[in-house]
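Assemble chain B onto chain A, guided by the hints.
Below are the chains, spelled out letter by letter.
Number of protein chains: 2
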Amino acid sequence: MNWCNPRHFKRSPTAFSGGPDQEFLLKLSGREALRPFSAEIEDLMAAARVVELAGGDTLFRQDELMTGLFVVIEGWIKVYRITPSGEEAVIQILAAGESFGPAVAMRDDECIAAAEAVGDARVICLSADFLIRRIRDAPQIGLAVLALALQQVRDLTLQVEQLKAQTGMQRVAEFISSLCPVDSGSCVVALPYDKKLIAARLGLKPESLSRIFARLKAIGVEVRADCVAINNVKRLKEFALDERSMTKSIRSSHAPIPMTLGR
Amino acid sequence: MNWCNPRHFKRSPTAFSGGPDQEFLLKLSGREALRPFSAEIEDLMAAARVVELAGGDTLFRQDELMTGLFVVIEGWIKVYRITPSGEEAVIQILAAGESFGPAVAMRDDECIAAAEAVGDARVICLSADFLIRRIRDAPQIGLAVLALALQQVRDLTLQVEQLKAQTGMQRVAEFISSLCPVDSGSCVVALPYDKKLIAARLGLKPESLSRIFARLKAIGVEVRADCVAINNVKRLKEFALDERSMTKSIRSSHAPIPMTLGR
Chain A
0 MNWCNPRHFK RSPTAFSGGP DQEFLLKLSG REALRPFSAE IEDLMAAARV VELAGGDTLF
60 RQDELMTGLF VVIEGWIKVY RITPSGEEAV IQILAAGESF GPAVAMRDDE CIAAAEAVGD
120 ARVICLSADF LIRRIRDAPQ IGLAVLALAL QQVRDLTLQV EQLKAQTGMQ RVAEFISSLC
180 PVDSGSCVVA LPYDKKLIAA RLGLKPESLS RIFARLKAIG VEVRADCVAI NNVKRLKEFA
240 LDERSMTKSI RSSHAPIPMT LGR
Chain B
0 MNWCNPRHFK RSPTAFSGGP DQEFLLKLSG REALRPFSAE IEDLMAAARV VELAGGDTLF
60 RQDELMTGLF VVIEGWIKVY RITPSGEEAV IQILAAGESF GPAVAMRDDE CIAAAEAVGD
120 ARVICLSADF LIRRIRDAPQ IGLAVLALAL QQVRDLTLQV EQLKAQTGMQ RVAEFISSLC
180 PVDSGSCVVA LPYDKKLIAA RLGLKPESLS RIFARLKAIG VEVRADCVAI NNVKRLKEFA
240 LDERSMTKSI RSSHAPIPMT LGR
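These protein sequence lines map, in sequence, to chains A and B. Going left to right, the first sequence walks through residues 0 to 262 as numbering that gives the first Met the number 0 numbers them. Going left to right, the second sequence walks through residues 0 to 262 as numbering that gives the first Met the number 0 numbers them.
Chain A on its own, in the form it takes in the complex (with noise of 0.2 Å):
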């Protein structure tokens, strides 16, 4: 297996473009959940400013006013809150089609999170007077706004099942499958931001991911600087969903043979 270099998946940084590109906003108005409002997110990403970020720019603060709904074009940006008492909570780490704050954008009052670019990054931004306008002129374009805040309750609801009812190590594998792109059989894949953000985006303790990283080896999974070698995919998602009959039958197969002294 050939281990990738990781500077390859460096992005470097695209030039201002004026607005969304015409295949971006395929992408977007294609996704199951915004196919039937497809024409009104064109609409409304077609009149949108493009925001160009670089790593650790801020995209908003907590506690400001919200000024409006941002989608993700191309990067990641880091949704976080800082706690009561000081210290940094990941929330989300959106990637490209992923929005934040359609229905916080129709509220005058503070964002409940802050964002920022993890690395370069571009960004669709819409003000909320914006949306406000455009939805009491087409009642339509309400709708396309709520299918865009579904997703983000479908995102928060699966990531607090995900960190009530997976372990630790589920979660990781889970992660690292996602980063695959086939179903099965192996593949070598990058990590797509560093191991301190994903330990946070994952609820973990940056020396709990190392830990885990180092047991993964037991199912044929090896961490490698910034790439991560998957033997059976396959093997790896059913881990992901069910750890516990997995590791029964990793333990049944490898049993260790019993010896007989003296032979």
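Misleading hints may appear alongside valid ones.
Note that the list lumps identical chains together, so a pair holds whenever it fits in one copy or between two copies.
Stated by the list, open to error - Below are the DSS-like pairs computed for lysine-lysine, each with C-alpha atoms no more than 30 Å apart in a straight line:
hint: 1; residue 1: 26; residue 2: 216
hint: 2; residue 1: 204; residue 2: 194
hint: 3; residue 1: 216; residue 2: 204
hint: 4; residue 1: 204; residue 2: 236
hint: 5; residue 1: 26; residue 2: 236
Bear in mind the hints are in silico, worked out from the structure with no lab data behind them.
Structure of chain B alone, referenced to chain A:
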């Protein structure tokens, strides 16, 4: 301190009222997030059907088509997911005024979670057809439904923060302090539902919850049957926010007195 009788807190079934009562509507539309849309929300809800449920009654099932949105008038509604390994993951326990579905309602798709009544409960149900018709007629209704969706995004975001950034003990302390009708001094409160469900809501195993209840005695919190006596509500709230610095101060104030042998 007197210990309350948990039986006092059991709800007796209420009669079918035909529609939500005016008092509830005023309370709901007076909520900060919904205030700008109070007229629309009262208008929407007045046309709604009220459903009465007994404990264990199902409101909707996971993976069934979602037929609308609901708002809790009275009682508790458990929103949960069945994980791929067949276990139940409790996502939220909704209280009066909380809603589920505004985003989902718009989508001709399977519901992401299931919901059932924890005890006797009354719920406002709005069909997706009705909502879509009303939004098309009056776009302002779309903004009101978005404001309802905001509540769910906000609650889920805070829960993800809680699960990632707080210890189990802090989560329990926060849960108990949310039940207290006062910000300081002492009080006795009833646990709103059984301990197994509280554990599931907080992402804990039942045995961990029992251990945490026992450990909370150190900060003056005592759990007996379904009641909790809190000596110092302010201290409990501070502990929920910052366990580490509180634990340090408890340790130093409770430092064992050096004993001199032979005196």
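Check: Quick one: residue 204 to residue 236, C-alpha cut-off 30 Å, is that within a copy, between copies, both, or neither?
Finding: Answer is both: 23 Å inside a copy and 25 Å across each meet the 30 Å cutoff.
Notebook entry, point to check: Under a CA distance limit of 30 Å, which applies to residue 26 and residue 236: within one copy, between copies, both, or neither?
Noted result: Intra 26 Å, inter 47 Å, cutoff 30 Å: intra-copy only.
Next item on the list: Using 30 Å as the alpha carbon limit, work out where residue 26 and residue 216 are close: within a copy, between copies, both or neither.
Entry: For residue 26 and residue 216, the Cα distance exceeds 30 Å both inside one copy (36 Å) and across copies (55 Å).
Next item on the list: If the cutoff is 30 Å on CA atoms, where do residue 216 and residue 204 land: within, between, both or neither? Let me know, please.
Entry: Both ways: residue 216 and residue 204 sit 19 Å apart in one copy and 28 Å across, limit 30 Å.
Next item on the list: Classify it for me, residue 204 with residue 194: is the Cα-Cα distance of at most 30 Å met within a copy, between copies, both or neither?
Entry: For residue 204 and residue 194, the Cα distance is within 30 Å both inside one copy (10 Å) and across copies (28 Å).
In this structure, only the earlier hint numbered 1 is contradicted, and the remaining ones agree with it.
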